[in-house]
Structures are given as structure tokens and as C-alpha cells.
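For reference, each letter of the sequence shown is one residue, going 1 to 359 in the UniProt record's numbering.
No lab work stands behind these hints, which were simulated from the structure alone. Given the structure is predicted, the values throughout are model-derived calculations rather than measurements. It cannot be assumed that every hint is accurate.
[To be verified] In silico DSSO-like links for lysine-lysine, alpha-carbon gap of 30 Å or less:
id	residue 1	residue 2
1	69	230
2	111	230
3	327	230
4	230	24
5	268	60
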Amino acid sequence: MVASCGLKRSEFKGKKENMGMFSKFRETVIYKEGTELEKQIDALNKVIDEYPDNAELNKKLKLCEIGLKGEKEIEFELKNANIGMYVLHDINLEYEDLKAQIDYVVITPAKIYFIECKNLVGTITINSNGDFIREWTYNGHKIREGIYSPLRQAERHIEVYKKIWKSRNSGGLLNSLAYRSLDQWDIPLVVMANEKNILNSRYAPKEVRNRVVRSDQLVDYLKKDIAANKDFLSSQKDMQKIADNILKYYNKEVVRDYETEYWEYAEKTAVTAVLKKTDESAEQVNRDDSALREKMIRFRKERSTQMNIPAYYIFTNSELDQLIAEKPETLEELRAARILSAVKVNCHGKEIISALTEK
């Protein structure tokens, strides 16, 4: 296998030694764990506890949970493959203004696979043009729609990867030849991770059909490639070196504060919803209280940012409702109202009273 991270053919062992090493190494090494979906789910659950009726956040949570289930399904298959491989989960590539988030990079003795995981319900049909069409039933109605090609997505990931490779290995005949061989060894692969879906690729172009598999067919797919390339297989040492190079030179660690992002979105939409309420019923918030709520949410956001703490450490939405209803004007009244814990009153009480009473 040509190591697309800069390894040359001369750095690999010959057939006899490689086959021996391959036969001994059968483990699946999860060399990089994926945690982004777990982080998003954790953050969404915290925010939804305060904003249970936010439709967009609930939809986002469901999609994240479906995505995580699909990725876990693929990981289970890989862990039980018994063929020897290195697995990198959640790889982020950046080159100039191009970005790519790869679900799995799987390094086997034969190939490097850039896997796009799809956990979709229903029937997935790939037509003769290579278009992906999804059909499913919702509330008794049959829905049919085209979806963006996940294979094209995986191919785009490799395109970004190749640009990074070229920027690191420019010049020289050997590098030029190695670059041309990347397509032979770096494989885009779509894995459908839902045992209940139906994949219909009968009329798909061969080059598309051969790059889309169900999760329960994944291991057999990898084994076939190994068997087809048995004259030249990488050793465990070589596979680990490729994995190390990807993590060192290609992967871009992305740090996102999902909790703050979702809090800000929830607060913004909550304020908008409240401001739209006028006098539809006696129970609705009046205009003055709407303005006060908006001001208090701004105060909470500014203070949480200033102190680098979650917004609900200051007060939750239900506590805000009580604060607006009671409108305490002194710390003594705030304590007597028993709306906030003693810790919150001690840390933020003075500022809360100031925000509530400031004209």
C-alpha cells in the first residue's frame, strides 16, 4: 500500500514478511476516539431541560442521537473484524478555505478508507445516474426525496486530504508519481448504518455501487480488498505510522463550546417568542414584563460570558419567570422569596437586583 502521508514504497516490507506480520496482527486499534456527537448531545440535553419546547433544539438532539447510533454500529463491526487495522474517529481537515469532517478513517493492511456514515430510515435507491433517493413513510404518507450524495461527500473529503498531501510533498518525480497513485489507495466509502433500511443499488453505476455498503457488509468488503492486494500488504508498524502522520499533519482539532452555542440560540428564540406575545389572553406576559425578560436574558448572557460560566448558574428560565413575577427590589426580598439558592444569591444577587430595578 502506498502511504498517502508521505511514506515511500521502499519503507514497506516485502510480501513474505508482510503476510507474516499481517497474520499475527488481528486487532482493531481505535487510535482516535470520536466525542463530538456525545458533546453535542450532552449540551443539548442541558439546554432542553430549560427550553423543552424549542422545536429546533429537539430536532437537533434527535439527529445527533441517530448519528451517534449509526457511528456506534460501524465501530462495533470494526472492533470485531479480526483483520488488523487502525481506526481514527472524527477527523477534521482544513486547507485554506476548505474544510472536511470525516466520520472514520480506517487504515487496513491494503487500503485507507474515508468513511461517511449514514443512518437513514427507509429505502435508499441509487439510480443509473448515481443519484441517491430516499423513500419512507411518515404518519401514513409515503415520502420520496433526493438527498445529497454521501459518496460525493466522502470524495470531497479525499480531495481536501490530497490538497494537504500535495502542499506537504510538492516537487520531485517520486512525489508526483505518489500523488497520482493516491486514488488507488485512498478509498471513499459510504456505510449505511441502519439494519432496518433497504439499500437498492441494482441500477447504480458500478463505480458508485462499489463504494456503498451496509454496515453488516463492511468487514467482508475490507477483507476482499485485503485478499485482492495480498502481494503487497502493510505491516502494523506501517499502519501505525500512517495513523500518526494523519493525526500530526492532517487532523485539525476543533474546539467548540456547544453549550454556549445552544444557550444563545435558545435564549434568542425565546426572547423572539415572548416579544411576539401581546394581549392574546390575560395570562400572557404584558409588554413591560416582555421588555424586562429581554433585559434580564441579556444581563445573564453578559454575566455568564464575563465569568466564563454557564448561563443557568446565574438563574434558570423558570427562576427568571419567578423573578419577573415577584420583582424583588432588595437582597432581603430576594432571599425571602426563596427563588434562588443561597449560592446564587451570594454570587449574583446584588447584580440581579440592580438589573431588575434599573430603569
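(request) Hints the structure violates: just list their numbers, smallest first. (result) Per hint list: 1 and 3 violated.
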